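Participant: As a plain string of letters, each chain reads:
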Amino acid sequence: MSTTAIVQEDADPRASKRQSIFSRFIRTPAGIISLGVILFIIAVAVLAPWISPQDPNYVDLFAAKAPPSAEHWLGGDSTGRDILSRLIWGTRTTLWGALITIVTALVIGAPAGVVAGYFGGAFDRAASWVSDAIQAIPGMIILLVVAAGTRQNFPLLMATVGVLLTPGYYRIARARTLTIRNEPFVAAAWVAGLSHPRIIVKHIFPGVYAPIIIQTALAAGIAMGIQAGLQFLGIGSANVPSWGAMMNEGFRFMLTSPLLLLWPSAALGVTIAALAVMGSTLGDLVRVRTPSAGKKATAAAATANAAARAPATGAFAYDADKAAVRVENLRVAYATPSGESEVVHGISFDVAPGEVLGIVGESGSGKSQTVFSMLDLLPSGGRYEADGIVISGRDVAKLPAKERAKLLGSEIGYIPQEPMSNLDPCYTIGFQLMQPLRSVHKKSRKEARDIARAMLERVGIADVDRVMKSYPFEISGGMAQRVLIAGAIAGQPSVLLADEPTTALDVTVQAEVLELLRELQDEFHMALVLVTHNFGVVADICDRVIVMRDGDIVEVGEVRETFAGAKEPYTRDLISASLDGAASRRELDEEFAGKGANAQPAAQGA
Amino acid sequence: MIAFIAKRLAAGVVLLVAVSVGTFFLAHTAITDPTVGLLGTTATEAQREALTIKLGLDRPLIVQFWDWFSHAAIGDFGTSWRNFQSVNDQIAIKLPVTLSVVSFATLLTAFFGITLGMIAGLNPNSMLDRMSKGITVVLFALPGFWVSLVLVIWFAVNLRWFPAVGYVQPTQSITGWLRSITLPAVSLSLMGIVVVAEQLRNEVIAVNKQDFVRTLRSRGLSQGQVIIHILRNACPAALTMLAIMFVSLLSGAIVVEAIFSLPGIGQLINSSSQIGDIPVLLGITVVSVIFVVIVNFLLDIALGWINPKVRVK
Amino acid sequence: MSKTITTVAAISAVAMALTVSAPALAQDGPGELKIGNFLDVTSWDPALADIGFDGPYLSAVYDPLIALEPDGSLTPVLATSWEYSDDRTSITMDLRQGVTFHDGAVFDAEAAVANLEHLKAGARSNEAYVNVWEFKVVDEDTIQIDLTQRDDTILYLMGLGRSYMASPDKLDTLTEAPAGSGPYLLDTDRSVPGSEYHFNKVADHWDSETYPFEDIAIYPILDATARHNAMLSGQINVNFADAENIPQAEQMGWNISSRVSGWVGLQFVDHTGQFVEALADVRVRQALNYAFNGGAILNAIGAGAGVVTNQVFPVGTPGYDASLNDMYAYNLDKARELLAEAGYADGFAVTMPMSPIFAQWQPAVVQVFNELGIEVTWDDMQMMDYQINAPKYPLFISFIAMDNDPAATLARQLTSEQWYNLNPEYGEFPELADLVASAKEATGEDQVAAITEVNRQLTEMAWWSVWYQAENTYFSTPEIEVQPVTGMMFPLLRHIQPK
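Protein chains in written order, with my numbering: chain X, 1 to 606; chain G, 1 to 313; chain F, 1 to 499.
Some hints here could point you the wrong way.
To be verified - Computed cross-link-like contacts, DSSO-like style, restricted to lysine-lysine with a CA-CA straight-line distance of at most 30 angstroms:
| # | chain 1 | residue 1 | chain 2 | residue 2 |
| --- | --- | --- | --- | --- |
| 1 | X | K469 | X | K446 |
| 2 | G | K54 | F | K440 |
| 3 | G | K309 | X | K402 |
| 4 | X | K469 | X | K406 |
| 5 | X | K469 | X | K442 |
| 6 | X | K443 | X | K406 |
| 7 | G | K209 | X | K406 |
| 8 | F | K120 | F | K170 |
| 9 | F | K120 | G | K54 |
| 10 | F | K170 | F | K136 |
| 11 | X | K442 | G | K54 |
| 12 | G | K309 | G | K209 |
| 13 | X | K406 | X | K442 |
| 14 | G | K209 | X | K469 |
| 15 | F | K136 | F | K120 |
| 16 | X | K469 | G | K54 |
| 17 | X | K446 | G | K7 |
| 18 | X | K65 | F | K120 |
| 19 | X | K443 | X | K402 |
| 20 | X | K322 | X | K402 |
| 21 | X | K322 | X | K398 |
| 22 | F | K120 | F | K392 |
| 23 | F | K201 | F | K170 |
| 24 | F | K201 | F | K499 |
| 25 | X | K322 | X | K567 |
| 26 | G | K309 | G | K7 |
| 27 | G | K7 | X | K406 |
| 28 | X | K402 | X | K442 |
| 29 | F | K136 | F | K440 |
| 30 | X | K398 | G | K7 |
| 31 | F | K334 | G | K54 |
| 32 | X | K442 | X | K398 |
| 33 | X | K446 | X | K398 |
What the hints assert, rightly or not - Covered by chain X, per the in silico footprint, the following chain G stretches (three or more residues, Cβ under 8 angstroms):
| # | stretch |
| --- | --- |
| 34 | 14–24 |
| 35 | 49–61 |
Everything labelled a hint here was simulated from the structure, so no lab data went into it. The model shown is predicted, which means the values in this text are computed figures rather than measured ones. Ideal placement from N, C-alpha and C gives every residue a C-beta, glycine not left out.
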């Protein structure tokens, strides 16, 4: 009973997501217009008998190729039939053909894809093979042969087109199903005793339908295009009004009566365009793009924010000229459809050379955004402003972007959080280490290789030759993080920014990596800013710590002092949550070795 | 590697056999009596019967199939029923025409599709992106032959920069050859450019959001170098599109070949299907499936080179 | 001022550079004839070739025995003269001497007989020789054609394109490469089968004067608009044109030549009412003559390129009778009246075949039949199927080629078995059969008069519902003139001359 409830809960957000995609879709201008056009065209097709001004087959030989007039709004065709009426009735034929095609492709392709993706095995192999085979068939030959053999049976031809379009549906349905099937909640549902059909209906369908709709929009356009092409080759009945047949006729008279070609081309063009726009708008929504406000909105929001600005939080520990990094009143904001939303509300802090500063906070506290701002690498839609970001004595916030970028890799090093996703999967480790050395530091290939190797050795990688030649997916997470550290320090930066460098690693590896960072920081006398959510890490290697919450700094202080007596209850909560049941490595060290950690750089000044 | 090639080759052969068997029986079911189409209307019943016997159409279908299949297996597609010329020769004459046009179209598609897609993807929602999306929708919506016609009227009839119809062999004149395939290639490429650009744009946006791109930038790499990293990660889907386009145009360029009066595979398909010249149709089918197999193989190798992770599978 | 001139000069230099590097466009000299034809050559073997559009191809590489001229007369080519025996069952032909084929073989009576036997056996050329008993060598330059019965069409058909002479040694391999004695040689190096054919002039051809062009190219271009574009862009200088483009041709200053080529209307298959009883009633067929406004259809669909008539004899040729034209002036009420008289006031039901080529006339038929209450079911099919199946329907929309010879017209439209006339029914109607029989026995002027009489009878019986005779139209650049020939869809090279 309770598991069913969980399943229900799980299904619900999907249902609401479905709602939201549609409502978001019709709220975009492209979405509402394209949908409007398509609904209009469908309405025209359905209502053809009532709205068509004349009989589409009524021949008035004296109206042949007549220009538009009160009687024939769009003129007469080559035999004097009313073009508007034929266009309206042609909508029917064209949509009917597209419908046959889509339904055929959908009914065969989508279920086969779902079943193949869900159950795998022999059916998957067989169906995938058939799908590949269909794609290999020269479609036009089949269509022409079928046309010859069935005396141009229109529905059958369009159904054949549908079969040829089946692989598109099959592939999409299969790929989506595979992804969803591997989600934990599907396993949970199965454990909970749901039958396969129910799981497919409840879990797979909601995930598959969106890409299928997009595919359908595109396939409908393609089907209409193929239909027009076939009719252009003279296949299909010319007596039944259709856009393709009208275009074929118009082609003949294009030099003398270009309107004959214009009307059906425009009708077909607008329809296919509407379908394409609908497909790509839906596609964008399904991919959930970062919404971005226009420039005007950003500016407006910025002024609005400025009015409601809270005072900056945080404090400086050093004189401006002594600090390796000094961040003053940093604000970070992201564009949302409803305007700009500020995630860091004006914080100030500094770090001395050779000092390790921990930035602690829960996710969403703005700590990573702080790091990205210092790198000037905020994700798209993000924007920061600051009274100053001084790095090695220069206020980089005022530098042009190009100048600013030059600091990266030489002045500033960056160690990311997730080791596996931060290496380019397409290049070897060696290449990725050597490329910045060669292009930023202008080393020769050999020098770069030597440095890269030395760095790998330095970060404790034993099998340097193999790792140099390896691709990221061929090494372990711990090793990858060492590679990233090697990459960050290879340029001998004076400031090292580490964003949760150990979070993604095993506990044992975490300690080693922290140890390594501390050693390197000490060795190169770098200022290290270490972002973490874990006070244990802070206790391990930091000298000072700032605690962030909801975009503000709530506490700044020496690590020992903070541990001894945090002023803020929030800090105390964080400390107790982090240290719950696990002593920090340093405490253990101190306990057993009886000796203090590396001498803290004295907190001069302040 | 050798195992991989052998496996792909075997799969290709199976595909080839399956598709040609299917097409053989479909064609023979659809086209019941080709003799009228072949002999015209003046032939007597006896002459038709004689042709039926000459073509071996009086034999059971399975015997005809084996006759065709056993020859096709050693690369002999028989003779055309229309003019009794070797199907191999006819395809050999027409294939270079279509290959020239389609290859050129694919190159154009690759160049413009990738350029447009990269620009749009690196600057999502920018003016450039919107413009390229607008162009994309217009090109997607315009029927291919409509574009061909406009091209002919402008560039061939009015400006006379290119010939309106016909094909010049490269052996006669390289520039003439390029001119003769330019307009058809352009009109064939438009749709592909749209598809490739859209595909690449979405991939670039996705890759651009990945962590490693930020890390690459943090290492101080130039925008150009980062773009190459992004492109390499983003291009497999677009590359697959290009391969599909190339293959499908080989036998799918019928309308464009008609408008430009190019003596290519498309025209051969059209004329052969109208008179029911099954050996020619089958020969073209087999050749285009061979191209599918080869192109897919090359594509797999290329994708494996681009992203080594794929290679391992 | 001088600056403008320099600019103009620079622009034209660029334009020159663009043109010069395009060999396809460059050689616009008057010495070259570049024909835009509709269809590819059916076969290089005259026995398997079609008459329709093969004329220019075959007449380039082969010499015929006899050639048909635009006025319907026959010109001696490799045959210098011919004579019927008194009972008209044997023809004696004198042959030209001193002609050799391109491969060196000599043209003589042996060669001619070998060729004629080859043609008689051919699937397409046999139509000319159905009544031949045997071909005989009389002496080195004389042959004799013995007929099983009198045949008034054999010479006409030979002139139309059924008497091309090929090298006797190569008769079995003609499908692969032509081997004739014609004024031009196929240049296989420059030709691309299916796309363009180039011919080089044979220096010492015996009839060189008739073929003044140095170089000939023929481009088969299926699509009329593509052909027109090719002419506009200068790639061809003679075009098998679409009458639709005549205004533009006039604007371009091209020569426009036209001649009727076929009749458009309804072919009644079932005059005896075997399948559709109504068609056996002459009033019904007459009603279907009254019901169609030929002039309007011609103007709307045929771009006005044709002549309104209700006969199948080419306008202005022997057998045609202008006085008959008023017989079925457009009158829908009269048509309804006649149907009512015949007992079909509410119409009747028929099934008709349809194929893309005929689709342009379909709306008109639908319309008229609708007015008359005739219910039509259409069977769609491709052209190939149409030619097999159309004559199995009681009636069908037709465009049937005409002949510039009264006897040939009588035979090919009425009495002989054709794809569009599988079971000639005239024999079932004694009044008609008698007239046909006497026309077949008459000769010369008497025969023409008798055939005209048959024509009158056919028109009265509403044997067909002819709407109009359509013209084939050819465009040519001002320095070239084309003389169309009724009976050929595209005339021979001898009919295309510098102006």
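Participant: All hints, please: hold or fail.
Facilitator: Here's how the hints hold up against the structure:
This hinted pair checks out: K469/X and K446/X have alpha carbons roughly 15 angstroms apart, not beyond 30 angstroms. Restraint check: the Cα-Cα separation between K54/G and K440/F comes to about 38 angstroms, which exceeds 30 angstroms; the hinted pair is violated. Restraint check for K309/G and K402/X: the C-alpha separation of about 34 angstroms exceeds 30 angstroms, so the hint is violated. Distance restraint check for K469/X and K406/X: the Cα-Cα separation of roughly 28 angstroms lies within the 30 angstroms cut-off, and the hinted pair is therefore satisfied.
Under the criterion of a C-alpha separation no larger than 30 angstroms, the hint pairing K469/X with K442/X is consistent with the structure, at around 22 angstroms. For the suggested pair K443/X and K406/X, the alpha carbons sit about 16 angstroms apart, so the restraint of at most 30 angstroms is met. The hinted pair formed by K209/G and K406/X meets the criterion: a straight-line CA distance of about 22 angstroms does not exceed 30 angstroms. Between K120/F and K170/F the alpha-carbon distance is near 16 angstroms, which keeps this suggested pair within the 30 angstroms criterion.
Distance restraint check for K120/F and K54/G: the Cα-Cα separation of roughly 19 angstroms lies within the 30 angstroms cut-off, and the hinted pair is therefore satisfied. At roughly 20 angstroms between alpha-carbon atoms, K170/F and K136/F fall within 30 angstroms of each other, so this suggested pair holds. Proximity of K442/X to K54/G is assessed by CA-CA distance (about 76 angstroms); at most 30 angstroms being required, the pair is judged violated. This hinted pair checks out: K309/G and K209/G have alpha carbons roughly 20 angstroms apart, not beyond 30 angstroms.
Only pairs whose Cα atoms come within 30 angstroms are accepted, and K406/X paired with K442/X is accepted, the gap being roughly 13 angstroms. Our distance criterion of 30 angstroms between C-alpha atoms is met by K209/G and K469/X, whose separation comes to about 26 angstroms. At most 30 angstroms may separate the alpha-carbon atoms for a hinted pair to count; K136/F and K120/F meet this at roughly 14 angstroms. For the suggested pair K469/X and K54/G, the alpha carbons sit about 65 angstroms apart, so the restraint of at most 30 angstroms is broken.
With a C-alpha separation of about 40 angstroms, the suggested pairing of K446/X with K7/G is violated against the 30 angstroms cut-off. As the CA atoms of K65/X and K120/F are separated by approximately 48 angstroms, the hinted pair breaks the 30 angstroms bound. The hinted pair formed by K443/X and K402/X meets the criterion: a straight-line CA distance of about 21 angstroms does not exceed 30 angstroms. Straight-line distance between C-alpha atoms of K322/X and K402/X comes to about 26 angstroms, which keeps the hinted pair within the 30 angstroms bound.
Distance hint between K322/X and K398/X is fulfilled; the C-alpha atoms sit about 20 angstroms from each other, no more than 30 angstroms. At most 30 angstroms may separate the alpha-carbon atoms for a hinted pair to count; K120/F and K392/F meet this at roughly 28 angstroms. With a CA separation close to 21 angstroms, the supplied pair K201/F and K170/F stays within the 30 angstroms bound. A distance of roughly 19 angstroms separates the Cα atoms of K201/F and K499/F; the hinted pair therefore holds under the 30 angstroms criterion.
With a CA separation close to 27 angstroms, the supplied pair K322/X and K567/X stays within the 30 angstroms bound. Taken as a hint, the K309/G and K7/G pair is honoured in the structure, with Cα atoms around 19 angstroms apart against an allowance of 30 angstroms. Annotation: proposed proximity of K7/G to K406/X is violated, straight-line Cα distance about 49 angstroms (limit 30 angstroms). With a C-alpha separation of about 18 angstroms, the suggested pairing of K402/X with K442/X holds against the 30 angstroms cut-off.
A threshold of 30 angstroms between alpha carbons decides the hint, and for K136/F with K440/F the separation of about 26 angstroms falls inside it, so the pair holds. Distance check on the hinted pair: K398/X and K7/G sit about 60 angstroms apart at the alpha-carbon level, beyond 30 angstroms; violated. At most 30 angstroms may separate the alpha-carbon atoms for a hinted pair to count; K334/F and K54/G exceed this at roughly 55 angstroms. At most 30 angstroms may separate the alpha-carbon atoms for a hinted pair to count; K442/X and K398/X meet this at roughly 26 angstroms.
For the hint linking K446/X to K398/X, the alpha-carbon distance of about 37 angstroms lies beyond 30 angstroms, and the restraint is violated. Using a Cβ-Cβ cut-off of 8 angstroms, 5 residues of the stretch 14–24 of chain G lie near chain X, which meets the minimum of three, so the contact claim holds. For a cut-off of 8 angstroms, the count of residues in the stretch 49–61 of chain G with a CB near a CB of chain X stands at 0, and the three-residue condition is violated.
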